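For reference, the chains in residue letters:
Number of protein chains: 4
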Amino acid sequence: MQKSLFNFKHMHDLLKGKKGIIFGALNSSSIAWKVAEKAHEQGAVFTLTNTPVAMRFGELDELAKKCNSEIIPADATSVADIKNLLEKSMEILGGPVDFILHSIGMSLNVRKGRTYDDLDYNYYMKTLDISGLSFHKLLQLARKLDAINEWGSVVALSYIAAQRTLYGYNDMADAKSLLESIARSFGYIYGRDKNVRINTISQSPTKTTAGSGVKGFDGLIDFTERMSPLGNATAEECADFTIALFSDLTKKVTMQNLFHDGGFSSMGMSFKAMNQYNKSFDNPEELD
Amino acid sequence: MQKSLFNFKHMHDLLKGKKGIIFGALNSSSIAWKVAEKAHEQGAVFTLTNTPVAMRFGELDELAKKCNSEIIPADATSVADIKNLLEKSMEILGGPVDFILHSIGMSLNVRKGRTYDDLDYNYYMKTLDISGLSFHKLLQLARKLDAINEWGSVVALSYIAAQRTLYGYNDMADAKSLLESIARSFGYIYGRDKNVRINTISQSPTKTTAGSGVKGFDGLIDFTERMSPLGNATAEECADFTIALFSDLTKKVTMQNLFHDGGFSSMGMSFKAMNQYNKSFDNPEELD
Amino acid sequence: MQKSLFNFKHMHDLLKGKKGIIFGALNSSSIAWKVAEKAHEQGAVFTLTNTPVAMRFGELDELAKKCNSEIIPADATSVADIKNLLEKSMEILGGPVDFILHSIGMSLNVRKGRTYDDLDYNYYMKTLDISGLSFHKLLQLARKLDAINEWGSVVALSYIAAQRTLYGYNDMADAKSLLESIARSFGYIYGRDKNVRINTISQSPTKTTAGSGVKGFDGLIDFTERMSPLGNATAEECADFTIALFSDLTKKVTMQNLFHDGGFSSMGMSFKAMNQYNKSFDNPEELD
Amino acid sequence: MQKSLFNFKHMHDLLKGKKGIIFGALNSSSIAWKVAEKAHEQGAVFTLTNTPVAMRFGELDELAKKCNSEIIPADATSVADIKNLLEKSMEILGGPVDFILHSIGMSLNVRKGRTYDDLDYNYYMKTLDISGLSFHKLLQLARKLDAINEWGSVVALSYIAAQRTLYGYNDMADAKSLLESIARSFGYIYGRDKNVRINTISQSPTKTTAGSGVKGFDGLIDFTERMSPLGNATAEECADFTIALFSDLTKKVTMQNLFHDGGFSSMGMSFKAMNQYNKSFDNPEELD
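Going down the list, the sequences are from chains A, B, C and D. For what it's worth, the numbering used here labels the leading residue of the first sequence as 68, then goes sequentially. For what it's worth, the numbering used here labels the leading residue of the second sequence as 68, then goes sequentially. For what it's worth, the numbering used here labels the leading residue of the third sequence as 68, then goes sequentially. For what it's worth, the numbering used here labels the leading residue of the fourth sequence as 68, then goes sequentially.
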C-alpha cells in the first residue's frame with residue numbers, strides 16, 4: 068500500500084505544514100495560478116490575493132475553491148491593504164507564513180503606448196510603485212508584523228529586461244531592476260534578522276495575460292525559443308522552480324536573481340536562431 | 068619649441084571644440100568639480116548646474132570663474148528646470164552639447180536616519196526621483212529638444228551598491244540600480260537614433276560631501292582601500308576616467324556600468340584586508 | 068495511516084526512479100558524500116567514483132554500503148577511465164543515468180606552495196585538466212555513449228573565485244572559471260540535442276578536506292560567515308540544493324552558475340563584518 | 068602657431084614618453100595593427116611581436132617601418148621566447164615598459180572542424196596554452212624581470228563568448244574565460260605589488276583575419292550590427308579605446324572586462340534585429 072501511494076505523480080510533501088501568501092493569480096495561464104496549484108499539491112496552505120479589479124476580470128474564485136484557500140483582496144501599493152492582508156492571512160492560517168510569491172507588474176506607459184523617450188512621469192512613478200515598491204511595502208510590513216517565520220522564503224518574478232534592454236519593454240525594465248535591488252537590499256536585513264531568504268526568478272517570456280501585452284511579443288517568443296537550448300520555460304515549469312525555492316532544499320539561497328529560461332541568459336547565439344535569422348535574407352534585395 | 072609645448076602637464080586637447088553640461092559640483096572635493104576643471108583643461112566649454120540650495124552652501128561661483136563657465140540653477144527633478152537648463156546651455160554654448168555629467172544623489176531616508184526596514188515611502192519616492200528619475204528626465208528632454216550632438220557622451224555616477232548590498236547605504240542602493248537601468252534603457256534609444264552613448268561609472272567610495280553622509284563610512288573606506296589592489300580611486304582619478312569617456316576614444320562604449328575602483332569589484336579577499344581583519348581577533352576572548 | 072507515513076522526515080521521493088553517478092566523495096565531510104546520502108534517501112540509485120588514491124585515504128566503502136551503491140574507480144582526467152565508468156554505470160544501473168555530480172578539484176601549485184606569480188606550468192596544466200577539463204571529458208564521453216537520459220541534470224561544484232580574486236586561491240580560480248565556461252558551452256549542446264541541463268553551484272567556503280587546504284582559510288570562513296546574512300552554507304545544505312537541481316523541479320534551469328552561499332555573493336558589506344573589522348583598530352597605533 | 072599645431076587631428080600626446088610591447092599585429096585589418104599606429108601617433112615607442120609563422124604571412128615589416136619599431140619574433144607559449152622578448156624590448160626601449168597589448172588566439176579544434184562535443188584534447192590544451200596561458204606566462208615573466216613600470220597598463224583582447232555561448236565559437240569560449248580569469252588573478256598581484264593594471268576588452272565581432280575563421284560569421288556580424296545601438300565596434304575604434312586604457316586617464320581601472328561593442332552586451336532585443344528576424348517568416352510555410 069505504501070508503494071501505491073508513491074505512484075501518484077505529485078505525491079510529494081515538499082511544502083507540508085507550510086503556510087503562504089500568493090499574489091498575482093488571475094487565470095489558469097498565470098504563473099501564480101500554477102504556483103498555487105502546485106503548492107497545494109505539495110501540502111501547503113495559503114491565502115490568495117489580487118487587486119479588486121483583477122478579481123473582477125479573473126477567475127480567482129475557481130482557484131480558491133480548488134486549493135481550499137481564502138481570497139483577500141489588496142491593492143499592493145496600499146500599505147493599509149498589505150497590512151490587512153498580512154494580518155488576515157496570519158489569522159486564517161493560524162500564524163506567520165513560510166512563503167510568499169510576489170507576481171505583480173503593470174505599466175500604464177506600456178498600456179497607453181507611451182514610448183520610453185516620451186514617458187509620462189506620473190505613470191512612471193506608478194509603474195515603479197506597483198511593480199517594484201510594492202515588494203518593499205510587503206517586506207517592511209511583514210517584518211514589522213513579524214509575519215514570516217524563521218527560514219521563510221520570499222520569491223518575486225522578474226525578467227531579463229532588468230539586465231538587458233528589450234525593444235518595447237519600456238519602463239518595466241527599470242521597475243524590474245528596482246525589484247531585484249529591493250530583493251537584495253531587504254534580503255540582507257531579513258536574512259540577518261530572521262533567516263528569511265528573498266530571491267527573484269528571471270523567467271522566460273511567458274504567454275500570460277500580463278506577458279502578452281508587450282509589443283512584438285510573438286516574434287520575441289519565437290526568437291528566445293530558438294535561442295534557448297531547452298526552449299522557453301513554461302508557466303508550469305516556473306511554478307515547479309518556485310516550489311523548489313519555497314522548500315527546505317534551498318535554505319541558503321538568498322539575494323539571488325535566478326534565471327529560469329531554458330538557458331537563454333547564457334546564450335550569445337544558437338544554431339537554430341542564427342539559421343532562422345539567416346532565412347530573412349533569402350530575398351536577394353536584402354543582401355546589401 | 069614644439070617640444071616645450073608638450074611639456075605642459077595637461078597640454079592635451081581631448082575635448083577641444085566640445086560643449087557640455089556638468090551637474091553636481093558643490094566644492095573642490097566633488098567629483099563633478101574635478102571633471103569641470105579637467106574638461107576645461109582639455110579644451111571643452113560647458114555650463115554648470117546645481118540646485119539653488121546647493122549653490123548657497125557650495126562654492127560653485129569660484130569654479131565657474133575658473134572655467135569661464137556660466138551657472139544655470141536647476142532642480143533636477145523639475146522638468147521645467149531641466150528644459151530651461153538645456154535651452155539656456157544651447158544658447159550660451161552656441162548649439163547642442165557633446166557631453167553631460169550627471170552626479171546627483173540624495174536620500175532623505177538616510178538623512179533622517181530611517182533604516183531600510185522602516186522607510187518613509189514619500190522619502191523613498193523622492194530618493195528615486197532625485198537620484199534616478201532625474202537622469203531620465205534629462206535624457207528625455209535632451210532627446211525632445213535635440214540638445215545632444217551625434218556621438219555625444221553622457222555619464223552618470225553610480226556605486227557598487229547597485230549590485231551588492233552595503234550596510235547603511237539604504238535606499239540609495241535601489242536608486243543606483245534604477246539609475247543604471249535608465250542608462251541602459253535610454254542608451255539603446257539614444258544610441259540607435261543619434262549615436263549618443265550613455266554609461267555609468269561605478270566609483271570607489273569617495274570622501275566627498277555626499278559620500279561622507281553614509282554611516283560607518285571610514286571603516287568602509289579603510290576596508291575597500293585594503294581590498295583594492297590599486298587602492299580606492301580618488302575624485303580626481305574619477306574625473307580623468309570621465310574625460311576619457313567624454314573623448315572620442317570611447318565612441319563605441321555604451322550602456323555599460325564601468326567600475327572605477329582600483330579593482331575592488333573583482334576582489335573576493337586580499338591579503339591586506341584579510342590580515343587587517345584577522346587582527347580583530349588578537350584579543351583572546353574573540354576566539355570562540 | 069497515510070498521515071503517519073508523511074511524518075518521516077525524509078519521506079520524499081524526489082529522485083525516485085532516477086539513476087546517477089556521483090564523483091568526489093572522500094569522507095563524511097565531503098559535499099559529494101552528503102549528496103549521495105540524500106540522493107539515496109530520495110529514492111535514487113547511483114554509482115560512486117573517485118580516484119584510486121582517494122579511495123585508499125577515504126572511506127568510500129562505508130558510503131557505498133550505506134547507499135547500496137557500487138564503486139567504480141576512475142582518474143577523471145583519463146578518457147579511458149571515464150569511458151569505463153560510464154559503461155559500467157549503465158550496466159549496473161540498467162541504462163543511461165539521470166544525474167551526475169562533478170565534485171573534483173586539485174592544484175599542485177597550491178599543494179607545493181607555488182604562488183600565482185611563480186606558477187609551475189606543468190602543474191598549472193594539471194590543475195586545469197583535473198579541475199576543469201575533466202568535466203568536458205565526462206560530458207563528451209557521455210554524449211558519445213548516450214549515457215544521460217533526456218531531461219537529465221548535471222551539476223559541478225564551483226566557487227566565487229571564478230568571478231572574484233581571493234588571496235591564496237591561486238590557479239584554482241582559473242580552473243573554476245574554465246569549469247563554469249565548460250558548463251555553459253556544453254550546456255548549450257547537450258540541452259539542444261537531448262534536453263540535458265548543466266549547471267554549476269558556487270558554494271560557500273566549506274570545511275571539507277579539499278577546502279581546508281587553502282591558505283588562511285579560517286579567517287576567510289569567519290569573514291564570509293559574518294558577511295552572509297544567512298551565514299555560510301554547509302555541505303549538507305549544498306547537498307539539499309543539489310537534490311533540487313537533480314529533481315524535476317528545475318527542468319528549465321541550465322547553463323547557470325548558482326550561488327549557494329547564504330547571500331555572500333550579493334553583499335558589499337554587512338554590519339557584522341564591518342563591526343568585526345573595525346575591532347582590528349582598537350589598538351591605537353593602528354589608527355594612522 | 069600654437070593653434071595650428073593642435074589642428075592636426077591626432078596631435079595628442081596621450082602616450083608621450085611611454086614604452087610598450089604590442090603582440091598580434093598581422094596585417095592592416097588587425098586590431099593590434101591599429102593599436103600600433105595609434106600608439107605611435109600618441110607619442111609612444113614600442114616593440115612589435117608575433118610568431119615566426121605569422122610574420123611570414125603577415126606584413127609586420129611595413130608596420131614596423133611606419134612606427135619606427137623593432138620586431139622581436141616570439142612563440143607566446145614559449146617561456147624562453149617571452150623572456151627574450153621582454154629582455155630585448157627593455158634593451159631596445161631603454162628600460163621597463165608602460166603598456167602591453169596581448170592580442171592572441173587560436174584554436175586547432177576550430178581550424179580542423181572538430182565540434183565542441185568532439186574535441187581533440189591535445190588541440191584543446193593547445194588552445195588554452197596559446198589563447199589563455201600565454202597571458203600568464205607574459206605576466207609572470209614580466210613580474211620576475213620587473214619589466215613593467217609602476218602604473219603600467221596591460222590589455223588583452225577578449226570576446227563575449229566568455230560569458231555567453233555562441234554556436235561555432237567552440238573551445239575559444241573556454242579560452243577567453245580563462246584569459247579573463249588570468250587578467251583578474253594577476254591583476255590583483257601586479258596591482259598590489261607594483262600598481263600595474265590589467266584589463267580585458269571584450270570587442271564586437273570584428274572582420275580580422277582571426278575573426279573571419281569562425282563559422283557563420285557573416286550572419287552573426289549582421290545580427291550584432293542590428294542589435295547594437297551604435298553598431299559593431301570597428302578595429303580602429305577598438306584601438307582608440309585601447310589607447311585610453313594605456314593612457315593615464317584610466318589609472319584606477321583594473322581587473323575589469325570592458326565591453327567595447329556598441330552596446331550589444333546590454334541588449335536583449337532591438338527593434339532592428341527583431342524586424343529583420345521577423346522577415347524570416349514572410350514565407351507562409353514557416354508560420355507553424
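Just so you know, not all the hints are guaranteed correct.
Copies of the same chain look alike in the list, so a pair counts if it works inside one copy or between any two.
[What the hints assert, rightly or not] Keeping only pairs whose Cα atoms sit at most 30 Å apart, straight-line, the calculated DSS-like set for lysine-lysine is:
#1 Lys274 x Lys211
#2 Lys261 x Lys133
#3 Lys261 x Lys339
#4 Lys318 x Lys150
#5 Lys132 x Lys261
#6 Lys193 x Lys211
#7 Lys133 x Lys83
#8 Lys193 x Lys150
#9 Lys318 x Lys83
#10 Lys211 x Lys179
#11 Lys155 x Lys339
#12 Lys179 x Lys83
#13 Lys193 x Lys179
#14 Lys261 x Lys179
#15 Lys318 x Lys339
For the record, the hints were derived by calculation from the structure and aren't laboratory data. Note that the structure is predicted; figures quoted are calculated from it, not measured.
List, from low to high, the hint numbers that the structure doesn't satisfy.
1, 2, 5, 11, 12
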